[in-house]
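Trainee: Each chain is listed here by its residues.
2 protein chains.
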Amino acid sequence: MIVIPGEMAPFVDVPDCRVWDGGDITPLVRAEFYVPSYMAGEWAFEVMAEMPALQVCQLPTAGYEHALAHLPPGVTLCNAAGVHDASTAELAVGLMLTRLRRLDDMARAMSDGTFLHDRFDSLADKRVLIVGAGGIGQALARRLEGFECEVVLVGRTEREGVRARTDLDGLLPESDVVVLALPLDDASRGMVDARFLSRMKDGALLVNVARGGIADTGAILAEVGRLTFALDVTDPEPLPADHPLWRAPGVFITPHVGGNTTAFLPRIGRLITDQVRRWQSGAELRNVIVS
Amino acid sequence: MIVIPGEMAPFVDVPDCRVWDGGDITPLVRAEFYVPSYMAGEWAFEVMAEMPALQVCQLPTAGYEHALAHLPPGVTLCNAAGVHDASTAELAVGLMLTRLRRLDDMARAMSDGTFLHDRFDSLADKRVLIVGAGGIGQALARRLEGFECEVVLVGRTEREGVRARTDLDGLLPESDVVVLALPLDDASRGMVDARFLSRMKDGALLVNVARGGIADTGAILAEVGRLTFALDVTDPEPLPADHPLWRAPGVFITPHVGGNTTAFLPRIGRLITDQVRRWQSGAELRNVIVS
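Residue numbers (my numbering), protein chains in the order written: chain G, 1 to 291; chain B, 292 to 582.
Misleading hints may appear alongside valid ones.
Coverage of chain B stretches by chain G, computed from C-beta distances (three or more under 8 Å per stretch; other residues unrestricted) [claimed, not checked]: (1) 382–392; (2) 405–412; (3) 428–436; (4) 527–539; (5) 542–552.
Only part of the chain G face toward chain B is listed, based on derived beta-carbon distances under 10 Å [what the hints assert, rightly or not]: (6) 110; (7) 121; (8) 144; (9) 216; (10) 217; (11) 239.
Each pair of labels, with its calculated beta carbon distance range [to be verified]: (12) B/478 <-> G/19: 31 to 39 Å; (13) B/484 <-> G/24: 52 to 60 Å; (14) B/490 <-> G/73: 35 to 43 Å.
Hint data in this document are derived by calculation from the structure and do not stem from the laboratory. From the three backbone atoms N, C-alpha and C, an ideal C-beta is built for every residue, glycine too.
Input sequences plus hints: build the corresponding full structure.
Mentor: In structure tokens:
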């Protein structure tokens, strides 16, 4: 039996899916292919212990650490790599334009009817460094193609069209905008520290649509004034209401909304449909994290 | 003699340009090719009466109505069509993303540290109707290519890739975002009235990066709540500080900053350089409004 959250059902083109959004767990005893709710708590993973027939857990997120602890032995775990690329890359463009063109300041100036006209930065003519050449980084690069800016992609290893992360020291001082779009792992945790930021040029913009843990919050606060920031993710997250980052000048913060948009349901629906069909026909699954 | 504003001088690759930013008009008696200051007042045009040798007035703006009244007989007037396309089209994308993804609300929520997480709209999967298939409309269409949205261009007349303005009645109800990127003229003045807006579907977004006079402010106010708006231009402009549009929910207003960005100087510099060389070599000028 295939068990999916109710909101995804209209987007999944597979017969006989069972909807489950929490509550009575009796029907789960027959679950073979299970999709936990998006933005769900621990309970959506703990419940796998009540699924003796479970073969596949298809996550609706790219992150999977939270599921690993609850994965029963022998169950295949797949993530949703790719599903959030469109929405997250789009937000990165929105964050860049908001900060460069001061749309955040203009939104705030509306309350007292201030006409904040001045000459601000364009994205055109800027050099944009995208750190992370995976799905989100590539989706962002495609979106920037029409903007008359120069885009440099940086990945773990050098390849066609992608510079190596070891080149960052030389690339940072030449970049007007630096976008973090890489996964959080042992190599990236705390990567954006005081030294990294000190390599960025005066007035440059750092955008983080990856994970808060990649950038050191203290180092960011120390560069407020010289650099400018647009952060969809922070450390800690959510930021406490009295955290100084909320009111630091030149810092724009969005509440981790990279992936959670109307783009989500059609894309997760297509992934689930494809994965169930693969599973039913015995074909290889995509995005396998644990098999 | 070629007379240009000081801020453009570093971007103009022509020998022996004379810089003039107002003040003593004695040197203007020899002006043959004149570029008025950007965002200048009436004085920058009135001064043409003091230029008996004037042959060409090259405006830094796309609009030219304000110059016509002061144009001496026999002087060629050229506008800056194309110079503001990059900056204005880029702002249109910024306005769309700001309103769809509620970045304006998030900017305002920062002051009290509110974590405004919810599922908002993506640009991906939306149908975007661009009214105006000239330089800005085309520049916007190019920028939207990577965003997984559907783009429909509407021009005065039907042609390859462009629908006719007479098709608007059928196109408006199918569009999630409608962007105004057409010039203000007798046909477009007041075009976006109560009837136009009533054709737009519930929750749709109207973006205006053209001219305030194209959309009726009373009609906009009457649709607040059902539709949402992102307006770089308004009527009147600037909006008085106590105007209700400033505080209408779902309305984002920027202070006519479509063209005035860092993208301006390199682009006006390239146009002036090309025009002066054409003029010096007796070749035909571009963007001629009056000859």
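Trainee: Output the indices of the hints that this structure fails to meet, ascending.
Mentor: 9, 10, 12 and 14
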